[in-house]
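Trainee: This is what each chain is made of:
There are 2 protein chains.
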Amino acid sequence: MASHRQSDGGPPPLRRRPPPCVLLLRHPPHFALLDRPLPEDRFRFLRPGDSPLPFDDFLATDDARSAEAILTSQGVPVTADILQRLPGVRLVVTTSAGLNHIDLAECRRRGVAVASAGEVYSDEVADLAIGLLIDVLRKVSAGDRYVRRGSWSSEGEFALGSKLGGKRVGVVGLGRIGLQVAKRLEAFGCTVSYNSRTKKPYVSYPFYSDVHELATNCDALVICCGLNKQTHHMINREVLLALGKEGVIVNIGRGSIIDEKEMVQLLVQGELGGAGLDVFENEPNVPEELLALDNVVLSPHTAVFTTESLSDLCDLVVGNLEAFFSDKPLLSPVLDE
Amino acid sequence: MASHRQSDGGPPPLRRRPPPCVLLLRHPPHFALLDRPLPEDRFRFLRPGDSPLPFDDFLATDDARSAEAILTSQGVPVTADILQRLPGVRLVVTTSAGLNHIDLAECRRRGVAVASAGEVYSDEVADLAIGLLIDVLRKVSAGDRYVRRGSWSSEGEFALGSKLGGKRVGVVGLGRIGLQVAKRLEAFGCTVSYNSRTKKPYVSYPFYSDVHELATNCDALVICCGLNKQTHHMINREVLLALGKEGVIVNIGRGSIIDEKEMVQLLVQGELGGAGLDVFENEPNVPEELLALDNVVLSPHTAVFTTESLSDLCDLVVGNLEAFFSDKPLLSPVLDE
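The listed protein sequences derive, respectively, from chains A and B. Each residue of the first sequence is one higher than the one before, counting from 598 in the numbering used here. Each residue of the second sequence is one higher than the one before, counting from 598 in the numbering used here.
Watch out, some of these pointers could steer you wrong.
One copy or any two copies: either way a pair holds, since identical chains are not told apart in the list.
Derived lysine-lysine pairs resembling DSBU-like cross-links, with alpha carbons at most 35 Å apart [to be verified]:
#	residue 1	residue 2
1	K925	K858
2	K760	K925
3	K797	K925
4	K925	K842
Just so you know, the hints here were simulated from the structure itself, not pulled from any lab data. Please read all numbers here as calculations on a predicted model, not as lab measurements.
Sequences and hints are given; from them, build the entire structure.
Mentor: Below, the structure written as structure tokens:
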């Protein structure tokens, strides 16, 4: 990451032209959370909220049409319509690792470059995935509730957990995050296998082209893939049933990769053993039924949220903008896949 | 573990003498939790609770004095007095890895063999240690509470966590469990160092002979040592202050290794960053002040409690009794240290 960190004196000023205009579809909360200002001296950040016009009318203003880049975050879409109406835009930077809010096909068609959070979050997300898996198997959050409500002293010993070592864990999506999850699982003595669009030549874990078959051969699944048309509701009722009554699912990808309604029903009925969920289909709303279950751990989409990763992310966002407008390669370009 | 598992037909009966008498100081909950009977066909288990006499008087009966072995658990002491009054006892088996409830010096003096849980629990305990560390740093249990009480949808984004990777973690006690903790920490990109009675020749982690010095050089401590006179309140106010405002302590050893009162005060005052605690000084009582803190995770002494480890433990207990009374080596003898 050192390559895009600012040196003490900051990078040389971008000469020969006025500061490039960056449309802030949403002020990235990462900067605010760290009390870190945007580099207003080197870019002109345009905030639709500062205009009295409705967003749709705002897009038609000369000001909006002067934008050369868009900075956005997870959940704030960059649609084909926006891109068509802002023909000056040549770069989209998102603070997320996921890209499902950006019309990548339209970007590609228009020659708009896209930069993402890249690998900034991989370790954090993998750490939380393992934390959620341990928590579900060993009932950590449930045990914490047990102690806090006074049940340990009044009701005696707490329920038995299940051992992580020896478990067959399937990693769904063996990208940057999935590989980090697999590495950690090995240290716990788990047997790792995976499902992915294509077999990876550089790993020796068993590959299953079919996620249902993976689930049949696993005690737990960790969802690490991105959300797209192919992965939407990929973890359906049949996959969850294949995982079984003792099976555990961990999701640090996107909520809609799992058919949430079916998952909730199976958890309530005891047809699925447990779940550790950082993401949900309709955030921040969590299905009411889950709130009463002791075999689920509910996390408010915090997989990427550490002080360290936000700081790295802010460096990366600014670094990508600076690189692009200095005609240098993006630090974290989104690869065509 | 296979060596002490029963074959289908069971081991050959112990011939030439009546079944050895085993004093059950406490029925090991492990068997009950798994609905598994004790091997009453091969041993005569003597339960003090079956006698109308007070325990002290019971020890004077011929029945008690016929005991050749004692089976006990954590928290049920085997004192010098008991051993002196039951001169026929040649073996003490405990279901725990910790040995602080057994007068080892008296056992040694009397030539009484001692068998413990050995390595049965090491993986489980190390897994929970890592789970607690991730939970404190990434606020998993606190996040789960945040979701369950509806705060995510009403109050918005949850607090930032702290990254595990890159943290300097000190392992206090690099025995079987400590080594497993260290191995897992490495997979998360942590820098491991340790404190132990003696420097271990077989590891390359930096060694600190002084636990205060270790704390000064670490972001987190994981307590993995046994409780004895030397380690009682070893983690005192000074050590905790050296760990600091961002520092995290995880205890899966015994509660009294930490000066709990001081720890609680420092946590409340914000002088210590957080704590993941599976053990407490006065179990099952947990200091009231901790119940209100979001930077602590409270676990009801479950580190060893998985279905898998209890099953292995039951095999080991029976295996140790059978080995001893067949004049074979114990499966998990306690080594003189």
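Trainee: Does each hint fit the structure? Answer for all of them.
Mentor: Hints, verified against the model:
no.: 1; hint: K925 / K858; verdict: neither (46 Å within a copy, 57 Å between copies)
no.: 2; hint: K760 / K925; verdict: between (50 Å within a copy, 30 Å between copies)
no.: 3; hint: K797 / K925; verdict: within (31 Å within a copy, 50 Å between copies)
no.: 4; hint: K925 / K842; verdict: neither (53 Å within a copy, 41 Å between copies)
Of the numbered hints given earlier, the model fails hints 1 and 4; all others are met.
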